[in-house]
Every structure is written in C-alpha cells, then in structure tokens.
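**Student:** Each chain is listed here by its residues.
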Amino acid sequence: MSASLAPECNEVKEKYDNCFLKWYSEKFLRGTATSDECEPLFKQYEQCLSKALKARGIDSMLKEAREDNRENDAEHMRPKR
Amino acid sequence: MKIFQQSSEFDYSWEEVSTGNWRKYGPWNEKTPHVIAVDTLSRTVDPITGILRTERLITCKQSTPKWLNTIMGGQDTSLVYETSYVDPAVKKVTMCSMNVTLSDLLSVRETCIYQPSSSSPTGKTNFQQRAEITAFCGGWQKIRNSIEQFTVDRFQQNAARGKEGFEMVLEKAREVFAEQREMLRYQQESRILQEVRI
Numbered sequence: 001m002s003a004s005l006a007p008e009c010n011e012v013k014e015k016y017d018n019c020f021l022k023w024y025s026e027k028f029l030r031g032t033a034t035s036d037e038c039e040p041l042f043k044q045y046e047q048c049l050s051k052a053l054k055a056r057g058i059d060s061m062l063k064e065a066r067e068d069n070r071e072n073d074a075e076h077m078r079p080k081r
Numbered sequence: 001m002k003i004f005q006q007s008s009e010f011d012y013s014w015e016e017v018s019t020g021n022w023r024k025y026g027p028w029n030e031k032t033p034h035v036i037a038v039d040t041l042s043r044t045v046d047p048i049t050g051i052l053r054t055e056r057l058i059t060c061k062q063s064t065p066k067w068l069n070t071i072m073g074g075q076d077t078s079l080v081y082e083t084s085y086v087d088p089a090v091k092k093v094t095m096c097s098m099n100v101t102l103s104d105l106l107s108v109r110e111t112c113i114y115q116p117s118s119s120s121p122t123g124k125t126n127f128q129q130r131a132e133i134t135a136f137c138g139g140w141q142k143i144r145n146s147i148e149q150f151t152v153d154r155f156q157q158n159a160a161r162g163k164e165g166f167e168m169v170l171e172k173a174r175e176v177f178a179e180q181r182e183m184l185r186y187q188q189e190s191r192i193l194q195e196v197r198i
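Line order of the protein sequences matches chains A and B.
Residue numbers are given in full-length UniProt numbering: position 51 of the first sequence equals residue 51, and the series is strictly consecutive.
Residue numbers are given in full-length UniProt numbering: position 120 of the second sequence equals residue 120, and the series is strictly consecutive.
In isolation and in its complexed conformation, chain A is listed as follows (with noise of 0.2 Å):
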C-alpha cells in the first residue's frame, strides 16, 4: 500500500490499510459486513494522520475542500436503483 505523507503514520497506516483490504474484497463486496472491525486501527492512524495535518497547516485547507464537495455528497449518495 501506499505510504503516508508523515512517516510517522507509516505502521499504523499499513496496518490500517491491510485490515480495510481484506474486509472489503471478504466482506463489503460480498454483502457479509455487519460491522467495521478495523475501526480500532482506523481510530489509531486517524489519531497520528490529524496531528500531522494540524502540524502542516493541511487541516483548514482540507475545511473549504469539504465544503466544496458537497454537492458531489448530495448527488453520489443517493442509491441508484
């Protein structure tokens, strides 16, 4: 997988990344999840990712992305049937 942008982040990410891989070929597509099982490693590498992107000042920058996306929200997260 790929690496983080702080180095910092790297084993947690990896290990993060590996769970996610496996529940999404194993269980998302196959219709199976019932619950996210790598919200723990998830909840680590999110803890380590935010310092990071505090630190480098990415964080506000990230604040007008999402604001800008949110048409793409209302229109990607309706089900099509």
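Calculated directly from the structure, the hints in this document are not laboratory data.
Beta carbons: idealized from backbone N, C-alpha and C, even for Gly.
Worth double-checking, as some hints may not be accurate.
Claimed, not checked - Result set (DMTMM-like, lysine to aspartate or glutamate): computed pairs, CA atoms no more than 20 Å apart in a straight line:
1) B:Lys92 x A:Glu75
2) B:Lys124 x B:Glu82
3) A:Lys22 x B:Glu179
4) A:Lys63 x B:Glu82
5) A:Lys22 x B:Asp104
What the hints assert, rightly or not - From the derived model, a few chain B residues whose C-beta atoms are all more than 10 Å from chain A:
6) His34
7) Arg43
8) Ile51
9) Leu105
10) Glu164
11) Glu175
12) Ala178
Fit chain B to the known structure of chain A by using the hints.
**Tutor:** What follows is chain B alone, placed relative to chain A:
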C-alpha cells in the same frame, strides 16, 4: 475552462478493479512515482443505502517548468482531496477529486467512474474519466490559457501512466490471489495427508 475526457475498459471484473483501486498507488504500480502518499481521512458505510464513502488526501510531487514555477511560488508538492462512493448493490465506484493546494490559481475537478462493462458485465470493467480545469488570473487571458493547457497536457500524461500502472496492480493482484488459493489448497491437502498418516 478546459475539459479532459476519456473512457476505456479493463479486462478484469468490477470486483477486481474496485478492490485493486485501493492499491492503485502502492508498490505494485511503478508508473506513478509522482504520487508519494495516499492517506485516508474518513470512511463510513451509509446504513440506509449501503454506500461506502471514503475521503482521502493524495500527495503528489512533480516538477513543473520554470515559467509556471514562478507563478506557483516554487511549490512542487500538491495535495488532492478525493471523495469516493462505492455502491455495491449496483456495482458502481464514483471518485470525485479536487486540488487543495494552489486553489486560488487553479481549479482541477475530476470525476472517475468504474462500472461493469455492458459487453461483458462479469469479466470487464468500464472506466470513465472527466476533468474540468480552470485557471484564475484576472484579465491575463494568455497566462490563463497557458496554465490551463499545461495542466491538461500534464493531466493527460498522468492519466496514461495511471492506467498503465493500474494494469500492473490488477495483474499482480490476480497473481497473488492465485498463489494464495494454491497455498490454501496445499495446506488442506497436507492436512488430509497428515490425517491419513495418523
């Protein structure tokens, strides 16, 4: 504004493509060294629709020509915010991206869609990509045009490399999957052999 648009097909099932998509910029891809990091910002499954929504931050590092470098203030690292939506019920992946850095100068908005191919829904996957590129520099039409043209050209090059790299990832994933299956089979067989011995 300039538009870049293309569509193509992958000789892999939608399940393989949508899984491989998460590894697109990993070590199996040797064609896109400009993508140096991919971080997941959030991930949720909508309890009603079952759609998986993921936010990622993609870090790129690519040199730019001198004239553009001056305008960009010497920055060679850029950030892209991507939101993707996977609807497993209709087998559709939609990825929307926009630039986070240099957003005062330029807007790059891209949408990519992966869906089972209509000609071969179980074996092939259709890929559609569309990007809109707009430069903002007041009345400087000439500079605006040059920036947009450069960005479209760069986008096209990266898209071609991206597809080549993704093909490598898909091939490798199929190989590894086959190996794993083989190994599992050996393990099971040897277990049988063990029991026979006992």
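**Student:** Work down the list of hints and note, for each, if the structure agrees.
**Tutor:** So, going through the hints one by one against the coordinates:
Proposed proximity of Lys92 (chain B) and Glu75 (chain A) is supported: the alpha carbons are some 14 Å apart, at most 20 Å. Taking the CA atoms of Lys124 (chain B) and Glu82 (chain B), the gap is near 25 Å; set against the 20 Å cutoff, the hint is violated. Among the hinted pairs, Lys22 (chain A) with Glu179 (chain B) is consistent with the structure: their alpha-carbon atoms are about 16 Å apart, no more than 20 Å. Proposed proximity of Lys63 (chain A) and Glu82 (chain B) is supported: the alpha carbons are some 13 Å apart, at most 20 Å.
At roughly 39 Å between alpha-carbon atoms, Lys22 (chain A) and Asp104 (chain B) are farther apart than 20 Å, so this suggested pair is violated. The beta carbon of His34 (chain B) is kept farther than 10 Å from every beta carbon of chain A, the shortest such distance being approximately 12 Å. Residue-level check failed: Arg43 (chain B) sits 7 Å from the nearest beta carbon of chain A, not beyond 10 Å. Under the 10 Å C-beta cut-off, the non-interface status given to Ile51 (chain B) relative to chain A is violated; the minimum distance is some 6 Å.
Distance check for Leu105 (chain B) against chain A: the nearest CB is about 14 Å away, which clears 10 Å, and the non-interface claim stands. Annotated as non-interface, Glu164 (chain B) keeps its C-beta farther than 10 Å from every C-beta of chain A; the closest such distance is 17 Å. Chain A leaves Glu175 (chain B) outside its interface by the beta-carbon criterion, the shortest separation being 15 Å against a cut-off of 10 Å. The claim that Ala178 (chain B) lies off the interface holds: its Cβ sits roughly 14 Å from the closest Cβ of chain A, which is beyond the 10 Å cut-off.
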